[in-house]
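So the protein lines, in turn, are chains A and B.
If you count by my numbering, then the first sequence holds residues 1114 to 1453, one letter each, in order.
If you count by my numbering, then the second sequence holds residues 1114 to 1453, one letter each, in order.
In short, the hints are calculated from the structure, not lab data.
All values reported here derive from a predicted model rather than from experimental measurement.
Where a beta carbon is used, it is the ideal one built from N, C-alpha and C, also for glycine.
Computed Cβ-Cβ distance ranges for the label pairs, DEER-style:
id, chain 1, residue 1, chain 2, residue 2, range
1, A, Pro1408, B, Asp1442, 55 to 65 Å
2, A, Lys1339, B, Asn1165, 24 to 34 Å
3, A, Ala1121, B, Ile1161, 42 to 52 Å
4, B, Glu1409, A, Val1177, 55 to 65 Å
5, B, Lys1339, A, Ala1121, 38 to 48 Å
6, B, Glu1409, A, Glu1180, 58 to 68 Å
7, B, Ile1135, A, Trp1156, 52 to 62 Å
Short derived list, chain B residues pointing at chain A, Cβ under 8 Å:
id, residue
8, Gln1383
9, Glu1387
10, His1397
Number of protein chains: 2
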Amino acid sequence: MRGAVLHAPGDVRFEERDDPKILQPTDAIIRISATCVCGSDLWDYRGINPVNQATPMGHEYVGVVEEIGDDVTTIKPGQFVIGSFFASDNTCPICQAGYQSRCVHSEYVGAGGAQAELLRVPLADGTLVATPDTPSVDLIPSLLAASDVLGTGWYGAVAAEAGPGKTVAVVGDGAVGLLAVLAAKQLGAEQIIAMSRHEPRQKLAREFGATDIVTERGDEGVARIKDLTDGLGAHSVIEAVGTQESMMQAIRSTRPGGHVGYVGVSHGVQLPGEELFFSATHLHGGPAPVRRFLPEMIDLIWQRRIDPGKVFDLTLPLDQAAEGYAAMDERRAIKTLLQP
Amino acid sequence: MRGAVLHAPGDVRFEERDDPKILQPTDAIIRISATCVCGSDLWDYRGINPVNQATPMGHEYVGVVEEIGDDVTTIKPGQFVIGSFFASDNTCPICQAGYQSRCVHSEYVGAGGAQAELLRVPLADGTLVATPDTPSVDLIPSLLAASDVLGTGWYGAVAAEAGPGKTVAVVGDGAVGLLAVLAAKQLGAEQIIAMSRHEPRQKLAREFGATDIVTERGDEGVARIKDLTDGLGAHSVIEAVGTQESMMQAIRSTRPGGHVGYVGVSHGVQLPGEELFFSATHLHGGPAPVRRFLPEMIDLIWQRRIDPGKVFDLTLPLDQAAEGYAAMDERRAIKTLLQP
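Chain A with its partners taken away, still in its complex shape:
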């Protein structure tokens, strides 16, 4: 089969790779229907995460089950399935508490490289969720979004306790931040403030439910959030970037007793204990347990009540993966969908 491989910063190649095989009796092999490039892939692409060897890329996927291991009982060949970037048994106490991304048997699905024609998914029964039927083509982008960016934005909104009567601010206007807006809206938030200085992203944020746009960043951004919330700060702030500046902007935009849901993968962040202490905020986040939300998200997409696939503003054949990365790196695209 063929797939995207990162050889060095900025050097993504679409090339021949070995077909994945069933390694454990709990594995499944799926034929990818659609995959995409993640904001977190750009950490590697930009060389911020070191690239020490040729690395198969991608961890977001929807597809059709091709083969299953002997112990797989609920997932069947031919089913259209969606899974998360972390495989989970969905039965351990951590999974049962809703933290499947930290399952005691968790395994990074992306290790196999989902930007490819075929993908091995470990712990198939616990990881994959089948759609009610083969989806119509127009639903595929939204179902693909559920695999990571929607699930991550949703988790950010849940971790920030977005809900009725709440003012929610979102730091970060990438696909995750935009879909956190959508999630906050679904969860019933009253006021949703998207922090963005990019016109096309502001527009999408409004479509997804943002009531206010704040273009300022850092201390000025915090001041604007305070202006919009009687000087108190937002009840719920979703952090979807992962830098020191964005984390501090999120914490400082939150009122005492409010909730920060942080889902941007932390890079070089050091949180000052004393400031955090006196902020009296709640801090919760981490790698999203997307599996927790998949059934609900799939149902909403299936009923066409949400359209998270709108974050894909560039669709390319998989063999043009390199251009998909470049477009996102240069912020010409919010998110690139790749079709095998």
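Following the hints, complete the assembly by docking chain B onto the known chain A.
Frame of chain A; chain B shown alone:
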């Protein structure tokens, strides 16, 4: 009147000070019945917090209302009252959400120095809670504990979401940590692990409800907590110290999806963002909104269902405040009660 004043690290003097006066119509003046030395006073006493000028000490108090300002309506002269170290209006949106320590009008009561014969309490109606009647003398230590250490330990347990079916670990065996054990017990926790290497404190922890004692610290302490929790970590961990080591011990002792309630005032703490992210824990804490819990705590004490006053293992006349500090500094006493 006379009161305790810190002149330099290690130099506490009991000396003549001006009587406090009503400065705002919302103030009350109370005559102190009992006060005490706090673990956080030791940060000043030890010179870890800089001491730049002679500083009246103390922020924990119970006493009898002597005088009230013209706008005080619910608190009356002659009442026996308890308040927190932060004055609060108890009506602003932050107070109404239960975060009175971050009231939009909050004021540090300790600025007046509660280790004295008289104390000015701002925002008396919102800050002070009267007991049903004049308490019998044996209840006074427990009521005094409610002013800070019980309220802070209680908040730690609430912030860590201690409750039925939960395993709770407590990092720190000072008065706050010990009373966090008591609070976890009251909140219905199933297993309560006190981390302590001091025999008298272990004994008190067991009296308050600890089911297990862990004497190891740091990585070894974390490993012991994992041993006691099927390798997963505790559901709830209360941090009651405030150092880098104790915060990391608390975070690492918590299972993914679990809750850290941190109430030790942070000193020099820097939390590594990436580790925190992948811990997938909840982090909540800060200066305890003691006022939120005062009615419930007073009621439990009044009914003699809890006896938090046991943390006072040294009682001295107020004029021997210096010895009270020395005894706690040298860990000869857990907590010193001072009687005017």
